[in-house]
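Letter by letter, the chains look like this.
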Amino acid sequence: MTSRPTSGVRSEPLPGGEEQAGSLIHARGLRKSYGDFEAVHGIDLDVQPGESFGFLGPNGAGKSSTMRMIAAVSPPSAGSLSILGLDPRTHGPQIRARLGVCPQEDTLDLELNIRDNLVVYASYFGIRKAEAGRRADELLDFVQLTDKAKAKVVDLSGGMKRRLTIARSLINDPDLLLLDEPTTGLDPQARHLLWDRLFRLKQQGKTLVVTTHYMDEAEQLCDRLVVMDGGDIVAQGSPLALIREHSTREVAELRFAVGEHAALAERVADLADRVEVLPDRLLLYTHDGEQTLARVHERGLQPVAVLVRRSTLEDVFLRLTGRTLVD
Amino acid sequence: MALVTASLVRAAAAPQTTGWEIVRRNFLVYRRDWLVFLTGFLEPVLYLFSIGVGVGRLVEGFDVNGHLVPYAAFVAPGMLAASAMNGAVLDATFGIFFKLRYDKVYEGVLATPMRTLDIARGELTWCLMRSAVYSLGFLLVMAAMGLVESWWAVLAWPATWLIGFAFGGAGMALTTFMKSWQDFEYIGLALVPMFLFSATFFPVTAFDGWLRWLVEATPLYRGVALVRELTTGAVTADSLVSVLYLLVMGAIGVLVASRRFDKLLLS
Ligand SMILES: Nc1ncnc2c1ncn2[C@@H]1O[C@H](COP(=O)(O)OP(=O)(O)OP(=O)(O)O)[C@@H](O)[C@H]1O
Ligand SMILES: [Mg+2]
Numbered sequence: 001m002t003s004r005p006t007s008g009v010r011s012e013p014l015p016g017g018e019e020q021a022g023s024l025i026h027a028r029g030l031r032k033s034y035g036d037f038e039a040v041h042g043i044d045l046d047v048q049p050g051e052s053f054g055f056l057g058p059n060g061a062g063k064s065s066t067m068r069m070i071a072a073v074s075p076p077s078a079g080s081l082s083i084l085g086l087d088p089r090t091h092g093p094q095i096r097a098r099l100g101v102c103p104q105e106d107t108l109d110l111e112l113n114i115r116d117n118l119v120v121y122a123s124y125f126g127i128r129k130a131e132a133g134r135r136a137d138e139l140l141d142f143v144q145l146t147d148k149a150k151a152k153v154v155d156l157s158g159g160m161k162r163r164l165t166i167a168r169s170l171i172n173d174p175d176l177l178l179l180d181e182p183t184t185g186l187d188p189q190a191r192h193l194l195w196d197r198l199f200r201l202k203q204q205g206k207t208l209v210v211t212t213h214y215m216d217e218a219e220q221l222c223d224r225l226v227v228m229d230g231g232d233i234v235a236q237g238s239p240l241a242l243i244r245e246h247s248t249r250e251v252a253e254l255r256f257a258v259g260e261h262a263a264l265a266e267r268v269a270d271l272a273d274r275v276e277v278l279p280d281r282l283l284l285y286t287h288d289g290e291q292t293l294a295r296v297h298e299r300g301l302q303p304v305a306v307l308v309r310r311s312t313l314e315d316v317f318l319r320l321t322g323r324t325l326v327d
Numbered sequence: 001m002a003l004v005t006a007s008l009v010r011a012a013a014a015p016q017t018t019g020w021e022i023v024r025r026n027f028l029v030y031r032r033d034w035l036v037f038l039t040g041f042l043e044p045v046l047y048l049f050s051i052g053v054g055v056g057r058l059v060e061g062f063d064v065n066g067h068l069v070p071y072a073a074f075v076a077p078g079m080l081a082a083s084a085m086n087g088a089v090l091d092a093t094f095g096i097f098f099k100l101r102y103d104k105v106y107e108g109v110l111a112t113p114m115r116t117l118d119i120a121r122g123e124l125t126w127c128l129m130r131s132a133v134y135s136l137g138f139l140l141v142m143a144a145m146g147l148v149e150s151w152w153a154v155l156a157w158p159a160t161w162l163i164g165f166a167f168g169g170a171g172m173a174l175t176t177f178m179k180s181w182q183d184f185e186y187i188g189l190a191l192v193p194m195f196l197f198s199a200t201f202f203p204v205t206a207f208d209g210w211l212r213w214l215v216e217a218t219p220l221y222r223g224v225a226l227v228r229e230l231t232t233g234a235v236t237a238d239s240l241v242s243v244l245y246l247l248v249m250g251a252i253g254v255l256v257a258s259r260r261f262d263k264l265l266l267s
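Here the protein sequences come in this chain order: B and D. Position one of the first sequence corresponds to residue 1 (this note's numbering), numbered consecutively onward. Position one of the second sequence corresponds to residue 1 (this note's numbering), numbered consecutively onward.
The hints are all genuine.
Listed below are several chain D residues computed to face chain B (Cβ distance under 8 Å; list not exhaustive):
no. : residue
1   : P15
2   : T17
3   : E21
4   : V29
5   : G108
6   : L110
7   : T112
8   : L266
9   : S267
Derived DSSO-like pairs (lysine-lysine); straight-line CA-CA distance at most 27 Å:
no. : chain 1 : residue 1 : chain 2 : residue 2
10  : D       : K263      : D       : K179
11  : D       : K104      : D       : K263
12  : B       : K150      : D       : K104
13  : B       : K161      : B       : K129
14  : D       : K104      : B       : K161
15  : D       : K104      : B       : K152
16  : B       : K129      : D       : K104
17  : B       : K148      : D       : K104
18  : B       : K206      : B       : K161
If you are wondering where the hints come from, they were derived from the structure by calculation, not from laboratory data. The C-beta atom is built at its ideal place from N, Cα and C for all residues, glycine as well.
Only chain D is shown next, with the shape it has when bound in the complex (with noise of 0.2 Å):
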């Protein structure tokens, strides 16, 4: 009996995990390969120079709730929100996949005194570093190139992080159902209209009836109109629901992926 006494003592002792470990893991393997890390930032820092400075000089700008926003400074919050999502889906989609498909990575950490939760907290929580990252350097650009047009604008990096949370997490929790490569061209063929018609390049306007309504409804939109009313300073109540409706998507997202990850992971 002893013993077993001695195991309780001993079990009180056992570490605190936090899924920060996981951070820590890929914070290694990308400083050994930080041009990888950096591949997802530039594709929207191009489109703002080709079509928001380029096709600027052709259009005039558009009305942001009543503000008459230059083109280049409509296009670029579109960009930042594009930035944000880049930043988290990359790693939340392939990054996952190849860990919990392909290479096993996570049977060995749940060897450990690590749980499916400490896994996916600690994934979401690298996703939204990343997708942080992205978009500060974004905004400096934006800043640099003088496309900042309001104060409220400093409240525009932590909003990308609801955009890095929402889509983190349901990329994550949509990996957990992937069976194959073959299956993230179902992630391109979402994510490529969705970056080309979230009022990313034009106004949502453009669009009439359902299509107008289906296109307010996707996560990028609500990221896309967050940050535009932020970074122009056309702040409305509208604001909240995007917030809110990011906020929702990111926790269900968490919620599934570490429901999947048991089943998956714990068999």
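Isolated chain B (complex conformation) (with noise of 0.2 Å):
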């Protein structure tokens, strides 16, 4: 359906092997099987402090294998890794004790009521109680669940139980916060509140890791991202930088008739740099949109629909991976 890119491609070599200094992540040929399967192939990765780092890719794509063995919950396969300058093979513990973690899927503990989830965590951190219930109280504030303090996790809502989790990955006031799809079922103001106290942490000099499959979140918030697919590291760099290494300046899209897209998309692929086919529309990469148009209108093509836009971090997912961001 659409081209998927020709070899891995792979930006922004980082030096092998050589460790720079002071970084809070740092991997080289990070690798993770499960029995026969690999699902990380080798990765190398270095994240700086203060720095918010993102992962995109495909379901299956290996962000959250990566992201487990990074919370030194699943032992690295083969290769390096070390977080906060410690090797999680040997310092679980003490690396766990200064991060942050909100899981892909919610670990929260049913048979405790939400304050007590709270303060429960907080006790495996060795927080005192009457600071952890100050925490818990300051946090239920911040997700906006205080009125739900003595309720039970099951009568939550999805977004609720999500917005808990994340706060109960702030019950130690953590230096590294690993958020795996933390505003997956979220609603839009929830997300909104969340971003801005993502971006408070940052200030506050936090380091942050995220996964996501939201191209906005991802622009949002992340400084520096990878594109992960098939266990690989397909692409890095800024935002910015990914759309300008990996996309046209512009795109437009054009809506025909369903089922008419894959036969029209050859009679305009000169009219661009790279056509990708959709279900519903024709992607047409090119620096000036409005003429490109203007040359499919030139050839009696009637599209129901069109758009021109600026190229966004969906155009290189779909570039990189074959795949819209959100499935």
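Taking the hints as your guide, dock the two standalone chains into a single complex.
Take a look at the structure:
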């Protein structure tokens, strides 16, 4: 349907093996296998203090597998990994003491009420009861669950559970926050609230690592991104750099009648640098969208709807992985 | 490099987890639900009244290491051992399965400085405590009914801790191998016959040959024999065998459980 990258694009290669001074996360040739299946194929990563770093990638790309290794709960199968300057194989508890983790799937304690979920979680970090209570109340307020403090977890909506998980990840005032699809299931208001809080944490000097399927989130939150596909890193850089490198300046979107797109793609192929065929539209990648559109009309083609826009991360993603960002 | 140094300094201050965190968590759960906590306690008490006291009117008693013991006083230590077993097994099986497979509590716990060893230790400690509460309650019931025959009975309480340890550890280990709630049928299949035939209601001398050997090799029988020897004052060197048996069983259980936790939770 869409063309996949011809070869593994590896932009901005990092100096192999060389330790970058002060990296909070430093990985070389990091691999993860489950039995015979290798989910992560030897990736290199460096995340600097204070940076917000994002993972993009289609389902099964290996994002969560990587996140779990960074969270020091999943031992790497090969390669080197250091987090906060420590080796997760030998210093797991010390590393985890300073991490805040929001796993992809909620792991809330269903037998405890909302507030106790936070208070008990604090105890796992050795935080004393009075302090734990104070932090719990503050975080409940932040995620706007104060009036649910005594409710059971099962009585929360999906988005509320997510908010509780995020609050829980902050209970130990972490230096490094690992958020695996933090806003999946959140309504727009809650999502913006979270972004706002994450910005503030970033300003305080915290380091954020986020995976997401939302391109606007990646653009908003991340200084730097990697795109993973099939266990490899296929591109990395700032959102802007990625767009510049892997896409054109503009995109003309043409919508025709259902089922016509594939056939029509050939008739406009020469008008753009690249044409993507989606089930419901054609994407023409070009420097000047309006001009391209004019040429399309010159050829007597009459799309049902048209849109000219700037390239986004979504286009980069589509180009690199052959898939749209949100499935 | 300054940052790495700073991280090492802070690393030294990482909290020392012990597993007690899990005990406190469980306490909080049951504090809001204390009736559930007591569910397993009632069963052996009811048996003591219906069979021990009721049937005791018809049966004279049995010989325990040369002492003639009235029937109710014979059944009581059996039920004492069973209550210690119940107290430990309930959380070690259903409780842990729920947290392990269903609501993924442990995955959350392990994203903190807590280790699988802390989980295993904490859960076992909790099982032991619930078991100890049951057996203390039961001992008080026994004392109130005049079913304690010897000062050795003071040692019966710590003896029940061994039963809690053995069944808690083994239960936990077995639970890590269970895949669905249906698998719990096997636990029932093991516990019910053990409860009925481990010299709880009649002496093991009722069996001959390999059957007797089989009964004497079950953990509940070892527990029953141990506490009966203590509450009736008929202590022999055999008691040591039981102590050793229960200790080894519990220790193997914890070891297996914490290995399995590693395998299941740190993949
Ligand atoms: N515990 C496991 N055992 C076996 N295979 C696993 C396990 N966890 C993940 N995998 C496999 O590893 C691959 C990568 O999974 P992973 O969860 O890391 O992907 P992901 O990028 O997070 O995807 P998603 O966007 O769907 O969350 C998948 O093919 C998945 O089936
Ligand atoms: Mg994932």
